[in-house]
Every structure is written in C-alpha cells, then in structure tokens.
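Number of protein chains: 2
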Amino acid sequence: MENRGILTVVSGFAGSGKGTLMKELIRNYDCYALSVSATSRAPRPGEEEGVSYFYKTREEFERMIEKGELLEYAEYVGNYYGTPRSFVDEKLSEGKDVILEIEIQGAMQIKKQYPEALLLFITPPSAAELKERLLRRGTETEDVIRKRMQRAAEEAEGIDQYDYIVVNDDVAECTELLHGIIRAAHFTPRHQAEFVEKIREELQGNR
Amino acid sequence: MENRGILTVVSGFAGSGKGTLMKELIRNYDCYALSVSATSRAPRPGEEEGVSYFYKTREEFERMIEKGELLEYAEYVGNYYGTPRSFVDEKLSEGKDVILEIEIQGAMQIKKQYPEALLLFITPPSAAELKERLLRRGTETEDVIRKRMQRAAEEAEGIDQYDYIVVNDDVAECTELLHGIIRAAHFTPRHQAEFVEKIREELQGNR
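Which chain is which? The protein sequence lines are X and H, in order. For the first sequence, position 52 matches number 51 in numbering that gives the first Met the number 0, and the numbering has no gaps at all. For the second sequence, position 134 matches number 133 in numbering that gives the first Met the number 0, and the numbering has no gaps at all.
These are computed hints drawn from the structure, not numbers from a lab. Quantities reported herein were computed from a predicted structural model and do not represent experimental measurements. A few of these clues could be false.
The list treats identical chains as one, so a pair stands whether inside a single copy or across any two.
As a list, the in silico BS3-like pairs of lysine-lysine whose alpha-carbon atoms are at most 25 Å apart [to be verified]: (1) LYS95 - LYS110; (2) LYS22 - LYS130; (3) LYS66 - LYS146; (4) LYS90 - LYS55; (5) LYS130 - LYS197; (6) LYS146 - LYS197; (7) LYS130 - LYS55.
Between the sequences and the hints, there should be enough to build the whole structure, so can you do that?
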C-alpha cells in the first residue's frame, strides 16, 4: 500500500469554492489526479472525451452499474453520472492521490467501498458569506439562491460524517491546508503497512 | 472544542531522533507546549522544578495516583514517572497543542482517557540506520546497544496502534511533516464541533 495514492473525496456547499481549490491543488502539486466521471448525457461543445467526462449511452452506463464498474453513481435530470472504478484504481496504483469531487450521498457510497478514503468537506466561514458568494456570481436568480441555501442547510446535517471539515476563507491558505491533510494520510499505519513489515523483519533479524 | 489544543503523544525507538524533533517543533512554532512529567526521583544538578520535572515524594506521587491526578504513570528503576492531568488540561484549554513524549504503554493509557489524542510514532528509515545512530552516539556499550535493538524489535509489534507512523530521515522535513499532521487534527469534526453547530444554526435561520 505504501506507494499507493490516497483516494480523496471532496464535497462542499455550492459556493464553498471547492472547484477553485481543486484546480489550485492540481496546479501547485504534481501528486494529484482528478477523477473523470462517466455520464450518459451528450457532450456539450468544447467538452472532451476522457477529460470532461467519459461519455456512455444509457445502455452502456447501465451495464457498468450491473458489472459493479462504478464506485458511485446517481441519476440527475434524466442523466446518469458516476465514477468509474478502473480509472480511480489505475491512478491510485500509479501512486497518484485521486480527488473525487462529489456530493454527500456519493461520498458515503465511496466510504463503504474504500474505508481508507479520505472525506473532506469544504465550507465558507459563515452562512452569510455563502449567500454573499452566490449573489456575487450574479448568474443565479433569487429563487435559485434560495434553493441552494436550503440545500446547504440539509447538507450541513451530514457534514460530521466527513473526516475533515475545512473552512475556505483564503484560497491559498486553504489549498495548502488541504494538501497538508492529504499528505498526512500517507502516514497512517494502513498506508505505512509495507514499511512496518520491513522494519519489523529487519529488527527481528538483528536480534 | 474548537479552540482547544490537540493532545499529541509522541513515541519512538531510542535513536529515532524524537527528542530533537520535539525541540524543533517547539522552536519553530508557537502553538506547542511540552508536557512536564512528575517524578519521585530526586532532582539532578541543573534540573529545574516545573521545567525538567515536577518533583514529588513517593507519598505525594502515590496520592496523585489514588486521586486520578495522573494521565499515565510507570515505575522505572524504583522511581515513579507520570503525566499530571492538570498541567495538560490547562495548556489544552489555553489552545496549546500539548506534546507528551512517552512510551507505548503510556500512550495506550492516554488513548483510553483521551480518545481524541493524536498518537505519533517516530522511526528511523531502517534498523541499520537505527543501530548506526546508537553507535554514533558513542556513549553506549555494545551490550546497551544490543538491548536497545531488542527493545525496538518488541516495540515494533505495537506501532500500528498509533495514528501515524513517521519516518525521520531528515529533521527539517520531518518537523514540518509532524506540524502538518498535528495541524490537520484541528479540522476533524470533533474539533470543528463549535463551527458546525454555528453554521447549522445560521443556515437554519436562513431558510
């Protein structure tokens, strides 16, 4: 396990800035790989197969579900979205820390299959700041903002199921903190199992 | 709990360099306080009450045991050594991350009383390097070194009970890594409980 990457699930309120943080992690450190989702929806202009998504027909997607090829999936406005297990496993084997940006239900599905996954929840410093950020985007109607705030109130009920709850007040600081948390996870006994085995044998041999 | 410090227990093989690492942590960051042990042994020249140890008579020490005033204690070559609960609690309340340098038995006693304590184990990169470091000290006889290596082999059996196993290859790097691990612990749900409560209330009020 020692050189295997850490599977990191990142969730957060809409407006928490988690998208920006993920981009900063990828940009600043070369140990990360972003998971690419599979979807049954059609590609949009500018999107790229294997980068934006892996595009599947509904039938292909349903076959992936049946075969257990998805770590988690959900249906949203008539389309499937999910995380292909093979991509994640491949990157983890390469030693990459794989980042999955998904919602709480998906995060809990992942934790069942990968108990060693690291679950991070990103939040703004306050509800007022969250609303402020949504308003600042200027792209959403008052009604949409109200719905997002309601959704945040629901999501807040589940956040203590995460391993870490990180307040995003300053992007640079928060990026560094996230990196520190993920780095720390490499030093748990689970991830140090090979090293522990090695030094035990050496010490026994030395007796 | 939010502003409360993290109780950090540090153990490691003799020769792991944990003493140096603790000094570096204290020197580089002002968030740490080293726990001061109580002992029934007499002060040695140059030692200072409340800095080196809290000096107690055997009777005083035994009264502390009876009253549950020690987080852990052990008897060693006819003298008691232990960790006074009051000092640790006081520093934690002040928001200091309190570092306890103790052996595995003591570490396990602490974990029972403070399940949120962070247990770190420091190890050199290999058994050969461990032996090398003990030899380099030049102060110990071959027999003492053999005993220390045997003791390390025994200790190695318990190290996966620690939360993190950290290889001390380079002091500066390892100090920074330890700091990162302890810092991360501030963001677990247990330590973010106040924040979670606050944002839940705010989001509910916003509905």
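Original post:
Quick one: LYS130 to LYS197, C-alpha cut-off 25 Å, is that within a copy, between copies, both, or neither?
Top reply: Between copies, since 15 Å is at most 25 Å while 52 Å is not.
| query | How would you label the pair LYS66, LYS146 (within, between, both, or neither) given a Cα cut-off of 25 Å? | reply | neither (36 Å within a copy, 55 Å between copies)
Problem - Copy assignment of LYS95 with LYS110, given that the CA separation must stay at most 25 Å - result: within (18 Å within a copy, 32 Å between copies)
Within, between, both or neither: LYS22, LYS130 at alpha-carbon 25 Å: Classified as within: same-chain Cα gap 22 Å, cross-chain 45 Å, threshold 25 Å.
If the cut is 25 Å between Cα atoms, do LYS130 and LYS55 qualify within a copy, between copies, both or neither?
Neither: 36 Å inside a chain and 58 Å across chains, both beyond 25 Å.
Query raised in the report: Within a copy, between copies, both or neither: where do LYS90 and LYS55 come within 25 Å Cα-Cα?
Result: within (21 Å within a copy, 57 Å between copies)
Query - Homo-oligomer pair classification [LYS197, LYS146; C-alpha up to 25 Å] - result: Close across copies (20 Å), not inside one copy (54 Å); limit 25 Å.
When each numbered hint is compared with the structure, violations occur for hints 3, 7.
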